[in-house]
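Listed here are the chains, written in short residue letters.
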Amino acid sequence: MFDTICSIATTLGVGAISIIRVSGKEAISIVNNIFKGKDLEKVESHTIHYGHIVYEEKVIDEVLVSVMKAPKTYTTEDVVEINCHGGIQTTNKILEILLLNGCRQAEAGEFTKRAFLNGRIDLMEAEAVMDLINSQNDLARQIAINELQGYGSNLIKKLREDLINIISNIEVNIDYPEYEDIYEVTINDLKDKINDIKEKLEKIVKEYEDEKIIKDGITTVIIGRPNVGKSSLLNRLLNSNKAIVTDIPGTTRDIVEGNIMINGINLNIIDTAGIRESTDLVEQIGVKKSLDIIKNADLILLLLNNNQPLSKEDLDLFNKVKDKTSIIVVNKNDLEKRIDLSSLETNNIVYINTLTNEGIIPLKEKIAELFNLEKIMTKDFNYITSARQIAKIKECLNLISDIEMGIDNNVDLDLLELDLRHIWENLGNIIGESYDEELLDELFSKFCVGK
Amino acid sequence: MEYDIIVVGGGHAGCEASLAAARLHNKTLLITGNIKNIADMPCNPSIGGPAKGILVREIDALGGEMGINTDKSHIQLKMLNTKKGPAVWALRAQADKIIYPKEMLKTLNNQENLEIKEAMVDDLIVLNNKVMGVKLENGEEILSKIVILTTGTYLKADILVGSNRSPGGPHGEKEAKNLSDNLRKLGLTVQRLKTGTPQRILKSSIDFSTLEREDGDQVLRTFSYDTLPLYKIEDQEPCYLTYTNEKTHAIIRQNLEKSSMYGGYVKGVGPRYCPSIEDKVVRFADKERHQLFLEPESKYYDDIYLQGFSTSMPYDVQEEMVHSLKGLEHAKIIKYAYAIEYDAIDPLEMKASLENKKIENLFTAGQINGTSGYEEAAAQGLMAGINASLKLKGKDPLILKRNEAYIGVLIDDLVTKGTKEPYRMLTSRAEYRLLLRHDNADIRLREYGYQIGLIDEEKYQKFQAKLNNIDKLINTLKEIKITPNEKVLIEKLNTSPILDGISLYDLLKRPSIKIKDLIALKKVDLKYDEEVLMQAEIQIKYEGYIKKALKEVERLKQLEDIKIPEDIDYLKISNLASEARQKLLKILPTTLGQASRISGVNPSDIAVLSVYLKRFKNEKR
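From first to last, the protein sequence lines are chains G and C.
For the record, in the first sequence the residue sitting at position 323 is 322 according to numbering that gives the first Met the number 0, with numbers rising by one throughout.
For the record, in the second sequence the residue sitting at position 24 is 23 according to numbering that gives the first Met the number 0, with numbers rising by one throughout.
Keep in mind that the hints were calculated from the coordinates and are not lab data.
Heads up, the beta-carbon is just placed ideally off N, CA and C, and yes, glycines get one too.
Treat the hints with care, as some may be off.
[Stated by the list, open to error] Among the chain C residues that face chain G by a calculated CB cut under 10 Å, a handful are:
1. N80
2. K83
3. G84
4. P85
5. T106
6. H289
7. G307
8. L389
9. L391
10. G393
11. S427
12. R432
13. P510
14. G543
15. A606
[Claimed, not checked] Subject to a maximum C-alpha distance of 16 Å in a straight line, what follows is the list of computed EDC-like cross-link-like pairs (lysine to aspartate or glutamate):
16. C:K82 to G:E61
17. C:K82 to G:E183
18. C:K257 to C:E319
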């Protein structure tokens, strides 16, 4: 039913080796057509072969080709992976040749979609794979692997069991009202049960927020008046870590200017180019734009000048960010201190000097302290890891508050139980035990290219 | 002489099927083994109860007979679950086992287009997979365009008592010896099911003075939307409660091997929800007692039905068991309990219209489809009668959705999930039970009854007037406001303070306020009948929850609306799991929604199917 698809499985332009993955009925024959070396149609499954990619009698690259035959492959179809030399030009050329030979460019997440549609992985695993691909560091990868092994599933299964116990008891009370020996569930039983479930679900949400930090990093914005040294601070932060400055999309619609690691956690510094170039932040950019950027950030570094008294703009900025996690970074501490911070209600103040490297390490320590990074790093994460799943859990929490409201309003138990059933269904949805189309569309559109 | 429709079997399914068929102007023949046993109640003497009572209301709303007939013949009426919300209220009648069949027979006899014949059907006449009529035991052939089989538990029935197995139907009737074998020969899958019934006890031999008494409601009620109460509250007969005890359990344990069930004499699969007493004692070993109900069977004879005590123990053990019960120490058993095994067809082999997939124009309804219960049977009988008639007129069948009726849930479950035990309707089977209430069966279904032609103009106009009145009342309640100044009125309501002006409509949403409190305010003429008041009250009070349920219906409608074409070739869809493929091939679901409810068809199969259907649709374009 499915045609043969291909795509570049590694990040383009990074690393010495790129991998191009091909999956489908004709995967082996198509690659064989452009491969000079052993006859791939005759090799054993799960073997690697040395050779060259040749097109119009010209050698394009020296490659290693892995041949994996159905059904023991990721997609359960025939899969071939071409390991070629990294570099945008070569990799793209090979991809192009594959397309010319009858492959189709895979859509986002299509390999995993096939693995799912072919029954190789369940819904929860599919999402975990997506996280695995997206995970930027080792700890996140560990969470993703745990997920694959079903910890998350088990937790949800346990909650569902709990729920079905009380649900079935209430249903029995409805269907057999005259049996006096059958325990009649009371509102108080329901209260206890939902309190328990609520606690567990809230814990999952909290864990998720922490996990999000591990997986997605801390979205950080540097703000401050012009010429206060924002670019210098950025460069200091980046240089000190020898981080690669990239242009990859961040978690928000903004562009990540660069990212550095602190205690194994990514600090994604969001491009605030617009803000930096303006002369009057609040007035010129417009309140909305700046508020949006601030709203989406996990951390705000408000940069001030040690050598100048607090201005009205500084105060405006401070007021905008005081409800967020923020650090006041005071630059130019080599110059005479003319700033008075006593009116700012915060303890998160770090003095730095971007001309030297002074204060950069204390700043990083401060960040680690604010996000409790040490603790996060040592936690066990067995929980739910995708935004879709968390959305479902939040839906459950909403239903729980509906039930609580219902209890306060003396709503009949049999009506409250309907919400309980929905919670049960929602949880089933998380582990793929009930189906709705919406879920699949949403799920698969989120997969990145090449798994 | 050819009939339009032949109905085989005069039980509750057969009565509804033949009445619907005849009322829809089809020349109809009802064939039954014994006219005296038409609409017989061989098991418990009650009609209705949770979920089942709502089935009866739905039958009534569509123009069936069961509700009307129950109103003519019950000896006790009770609304159950009144301490719970309106979604689970359920009416239950103790029907008089003499009067109920008598009244039903009267109705059948008076029905135009309907003939009744006493005979046993042996075989179907089938040509090119299309049924043409029936063949009787004596070899006589009767032709018809459509045959509806409503044979109940009579197919190859065996009565089991202890190690004793003897052929025969309920009430000492003759079993249908050959029909199920012949159905098998025609290619249908036949399965063996089992059910049972408890002892009947002589009323005058029971010491009621030591037992708990359960009376009927002290309010007059009816099952039917169209009848007035025909009984007096004080004329109702009481039921009584008793319990098993350690002694009973000891007797059962000692004699376990003597029961048909545990002695290994039973082949059929019995229902989990209706276990025999030996089953209960074994499976719930730590339970000290089991509750039993003593139900009167009729005003005209002395039998008391011992509900909860069904067993397949030999007679002597039954004597011992019964005499161990409180109040029954000296009880005289009039009829012993027995188990009955019978053949049923696999409901997965029928369409949602109740027509067989393999044999055209053959419909089946009731226990032959693997269900249990008078109400479940009647509901299917009615639908089979309606759909047979629609088929003869060349019209699409009436298929009720799961969010429209318990009948829809019942039939969808049967044709989608099948059943391995006698299927009983339960509230928990209905995911939209808040929408499928006792009170609103007419609002859900009367329109269909009218369109089909089972609800006459007069009844329909009455129904329309009711709808108008509900609307009017709700609007009035929205318009009338009560202000903080009207202190006397507010005091009367005994509710939390009113700060701004509030409409009576919003006031009614407060938990403590009832619609009758508002009427007592006399702010406006609110002279509506009880039904209208109750309906408005429920719709307003539960608006939030009802809306939530409707939203859920809307969400799932997307799947329900995706039709699966009849000519789909599941063998061509290569990525379906093999279990799913087999199930889909057998069940042939008509929508993606139905497919998603088949056990063994997983979300990934639905995804594959959905992708295939999209492509299929595009190709056709």
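Checked hints:
1. N80: holds, 5 Å
2. K83: Check passed: Cβ of K83 (chain C) comes within 5 Å of chain G, closer than 10 Å.
3. G84: Holds, because the Cβ-Cβ distance from G84 (chain C) to chain G comes to roughly 3 Å (cut-off 10 Å).
4. P85: Interface hint status for P85 (chain C): holds (8 Å vs cutoff 10 Å).
5. T106: violated, 31 Å
6. H289: holds, 7 Å
7. G307: holds, 9 Å
8. L389: violated, 31 Å
9. L391: violated, 38 Å
10. G393: violated, 34 Å
11. S427: holds, 4 Å
12. R432: holds, 8 Å
13. P510: holds, 4 Å
14. G543: holds, 9 Å
15. A606: This hint holds: A606 (chain C) lies near chain G, its Cβ roughly 5 Å from the closest one there, short of 10 Å.
16. C:K82 to G:E61: Between K82 (chain C) and E61 (chain G) the Cα gap is close to 79 Å, so the pair fails against 16 Å, i.e. violated.
17. C:K82 to G:E183: holds, 12 Å
18. C:K257 to C:E319: Roughly 13 Å between the alpha carbons, so the hint for K257 (chain C) and E319 (chain C) holds.
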